[in-house]
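Sequences listed follow chains G, Y and V, in order. Note that the working numbering has the first sequence beginning at -10, numbered continuously upward. Note that the working numbering has the second sequence beginning at 1155, numbered continuously upward. Note that the working numbering has the third sequence beginning at 2, numbered continuously upward.
Hints in this document: simulated from the structure, not taken from any laboratory. Quick reminder that beta carbons are idealized off the backbone N, C-alpha and C, glycines included. Any given hint might turn out to be false.
[Said to hold, decoys possible] Rough simulated footprint, nothing fancy, chain G against chain Y, three-plus residues with beta-carbon under 8 Å:
#1 1324 to 1337
#2 1352 to 1361
[Stated by the list, open to error] Away from chain Y, derived, C-beta distances all over 10 Å, residues of chain V:
#3 A79
#4 E98
#5 L102
#6 S114
#7 E159
#8 G161
#9 D187
#10 G258
#11 S401
#12 D414
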Amino acid sequence: MSSFLRVAGLRRIYDSVAAVDDISFEVNKGEFVALLGPSGCGKSTTLKMIAGLEQPDAGSIEIDGSDVLAKTPGKRNLSMVFQSYALFPHLSVKENILFGLKARKVAKKEQKTRLASAVAMVDLEPHLNKKPGQLSGGQSQRVALARSIVSNAPLCLMDEPLSNLDTKLRADMRSEIRSLQKKLGLTVVYVTHDQIEAMSMADRIILLNEGRVEQAAVPESFYNEPGSTFVASFIGHPPMNLVSHNDFQLGVRPEDVAVTDGNGNGVDVIVRECDYQGSETIVTTDYQGSVIRACLPGKRSLQEGSRVQLQWLPEAEHFFDKQSGQRVDRNSVPPFQFTSSNNNTYSGGI
Amino acid sequence: MRSSRQIHAWLLLLPALCLLVAFTHYPVIKTIARSFFGFGTRWEGKASLDNYRFLLEDDVLMQVLFNSFLYAAITVPVSIILAIAMALWVNSKMVGRGILRTAYFTPTVLPMISVANIWLFFYSPEIGLLNKLLGLVGHGGINWLGDPSVALYSLMAMTIWKEAGFFMIFYLAALQTIDSNLYHAAAIENASKWTVFKRITFPLLMPTTLFVLVNALLNAFKLVDHLFILTKGGPNNASNLLLYYIFENAFSFFDTAYAAALTVLLLSILVVLALVQFGVIEKRVHYR
Amino acid sequence: MWLNALKRTAAAAAIFAVTAPALAETELTMFYPVAVGGALTKIVDGIVADFETANPDIDVNAIYAGNYNDARVKALAALQSGDPAQLSVMFSIDVHELMDLDAIVPFDDVVTSDEEKQWLDSFYPALMENGKVDGKTYGVPFQRSTIVMYYNKDMFREAGLDPEKPPTSWEELAEVGAALTKKNADGNVETWGAMIPSTGYQYWMFGALTKQQGRVLMNQEGNETYFNDPKVVDALNFWKDLGSKHAVMPEGIIEWGTLRQNFLEEKTAIMWHSTGNLTTVKNNATFDFGVAMLPAGSELGSPTGGGNFYIFKDATEEERAASLKLIRFMTSPEQAEKWSIETGYMGVSPAAYDTPELAEYVKTFPPAAIARDQLQHATAELSTHQAGRVRKLLDDAIQSVLSGQSTAEEALDSAQKQAERILSRYK
């Protein structure tokens, strides 16, 4: 597959601070790519520059093989779904959906057919004559999607489209958007700060941090092989435990940590808190001032202040360079030494 | 329980009610009474329609009414259109818009009387700015306030200059509440500037327009301060407006009774205008 | 209201406490108008301050109240509100209306001593005309004027005219005016020969023209007008002709408020204006100017104008006495002299011109005496019952003629008919 969207060396500077700092990536035709990152990482700015709503200070953007930098948003042949939906409050649902077609002076007859098919796809028939103020959040979201669908644009940009919905609705909409995308063969760039959205929907995730690409890969590798301590602590809930040792940091996911009673071979820690979450219990422990969390199945209650030991498999360990935060190969790291109560040392794994 | 709460409610309303009765309702009733029972500054024993009969015979009043409606019909739409245009311009991202905003708003801050005094000199035929400009292109000049066919329009121009800046502030505030994403969405749909204005900005400004329209119309009938300075209603009533005519009758002619009848007429006009505006137009304005 | 009553009681008590006059205090409120430009309020404040120094038992609250119309409105509003003024300077021609409203007392009821009666007779008789009704004096002259002719001597010289020979007749006014009117290359007039203002007080200007035709506009009782007298019609036609026929004056309406500036900027060589502008013109003219009596038609003439003192009926005996004291102070030759020099209004009594200061001033600045000298040709200003309405009829008629909406005959006939209808109730 050829790359449909190509972003290279993109840079945007606000008040001498780079909001987007040399970002490059490519998106293939029909691919669903999530731009993931914490707020302020530059993901929305990047999206706006692709849309043409903001001008980059440097870099290039190509869509379908042609440079679009000089083109206005309306000439870039893309559609966009906004976080606030950006529905016109004074227009009916129907008029909202048809707005673009009318602006582009599409023939009346074609307007009608495109409207009908878009509306059918997102189940909006009963609401066509309502005003946005009379719609629920989910319905508003569908209108925004329909507006995008009728445009027939091959590239769809979505800016946190689900963040204003409640949790359950969000889950439904995730799969709905994903299936729409597949059905229509859309190329989607999807901005979100929600790792679950990114993980569950995207073919590929581009994780941004402070205006730079931190890691670009398929979702699984973010979990299995985080490329840096930033990725490690951003992905997963609760995030990966990180313990410093000499020039390195050891990372272990809480899901991989087991708790034993304290007389065996393991890391001696003090229990600080047990947080029961239904399917699991998150135990927060203190290891010489560092926090290590363990995620245990079911309900577990451990006495606060009691001493326990933690264990994990060697395969669950990840290593990072302390200075750069970059992932390093485990073979280049000397064994970690944990102090235990009986003066034994625990070097990880069972 | 219920009645005690009602008493409570009435007690809370009482202070405002007192003020309203004392300064609004009582004067209105007294004015209406005076228009039937008054003659000159005196009260007559029995009611008569003399003051209202005179309304029909009063040639000056006919001219004044015509002037007032023409004045409203021109100043209101023109100042609203100008206000929107200025607000759109000032709201755009450009260098020096702060200065521009201040410049547009200044006329509003100045008292009507001082503005009129300034414009009196603009309009002065021999030394005035306007005729000096006309002189540059070889025109002999216009007697802006002295020519009966021009005077009223000269007043309108000043009113528009003064009002548009004020209304601009409302439009500016309204513009800033419009979600910028709406414009982004329109931009992505390749909507032209005119389409954006016609289909998004203008409809979204409608509530403001209603508010401004009501105010502008009321002002058109209420604001006559500048007449005192500029024309005193002249020449020969060519620029006389209803409220100024009421003032003339009440305080220059001491005919408070006839002034009361004129006031009742003005009140009726305003009530009808308000009813039309809120009844008919409001239905089309609210979209939430 | 309550506080006022308390003050009055205190004042009344003070009459009996003759031994402690320092405690006695009468408080007076006075409105006064300013109809011409300049810092006249400061001058009034200065005179009032002098009076208070001389009379520590009287406290004067002098309030500037706008033009003549505003002053009347404010004084009458104060009267109705129950917190009235005791005296005011108001338009000399308001007398009939103020009497109809039963608002004022004649001075004859207030003066007691022979000295005071003498004072009441000390003014120029022409200035008393507007203040006297049915043989009683209701208004005492204060800021009084006539209309005079200001002319630009430099422009006279430029036009080859003798700067010491201003026009003395209507014919000369038209001739001299024609010589003074200058056009530019485009054929547009750059400077005019003369201007007579036709807004604000056009009936007053018209009063001059009719007097110059040997006519007055109304009777002394204020219940008859003579607007459509053939000579009055002629007067209005002459005014119009200055613009349309002789073309020495702009056609149409000339603004009262900006006329002085026109003259100061040399846009017109001659203006008719109140003598109350004299000092301001003197201080601001950048050219040599003169002042002359208005030119004669069949005779010389100008109406008097300006403001008189009135005492309100509501004032108590003590307040009336204190008001009289204040009025006598402000119209005394010494104050009148100062007032005249600083404003250009005339000294209201012959004695004012006998003071060394004013005598000297008139000698070095002869224009200061023109208004006075013109008094012998002066007549009363238009003053009738329902003065505002009647005045407006004439004002509108004048403007409709000058702006070419109707002929002088039609307009004045119609104004006369309506005036007769209004005034029929007062016969």
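For each hint, the structure was consulted:
1. Coverage of the segment 1324 to 1337 of chain Y by chain G holds in this model, with 3 residues showing a Cβ closer than 8 Å to a Cβ of that chain against a need of three.
2. With a threshold of 8 Å between beta carbons, the proposed coverage of the segment 1352 to 1361 of chain Y by chain G holds, since 5 of its residues qualify and at least three are required.
3. Look at A79/V: its CB is around 13 Å from the nearest CB on chain Y, clear of 10 Å, so calling it non-interface holds up.
4. Once the 10 Å rule is applied to beta carbons, E98/V is inconsistent with being away from chain Y; the minimum gap is 6 Å.
5. The non-interface label for L102/V is inconsistent with chain Y: the shortest C-beta to C-beta separation is roughly 7 Å, within 10 Å.
6. With a minimum CB-CB distance of about 35 Å to chain Y, S114/V clears the 10 Å threshold, and the non-interface call stands.
7. The Cβ of E159/V lies farther than 10 Å from every Cβ of chain Y, with a closest approach of about 18 Å, so its non-interface assignment holds.
8. Non-interface status of G161/V relative to chain Y is upheld: no Cβ of that chain comes within 10 Å, the nearest being about 23 Å off.
9. With a minimum CB-CB distance of about 5 Å to chain Y, D187/V fails to clear the 10 Å threshold, and the non-interface call is violated.
10. The beta carbon of G258/V is not kept farther than 10 Å from every beta carbon of chain Y, the shortest such distance being approximately 6 Å.
11. At roughly 4 Å, the least C-beta separation between S401/V and chain Y is not larger than 10 Å, which violates its mark as non-interface.
12. With a minimum CB-CB distance of about 15 Å to chain Y, D414/V clears the 10 Å threshold, and the non-interface call stands.
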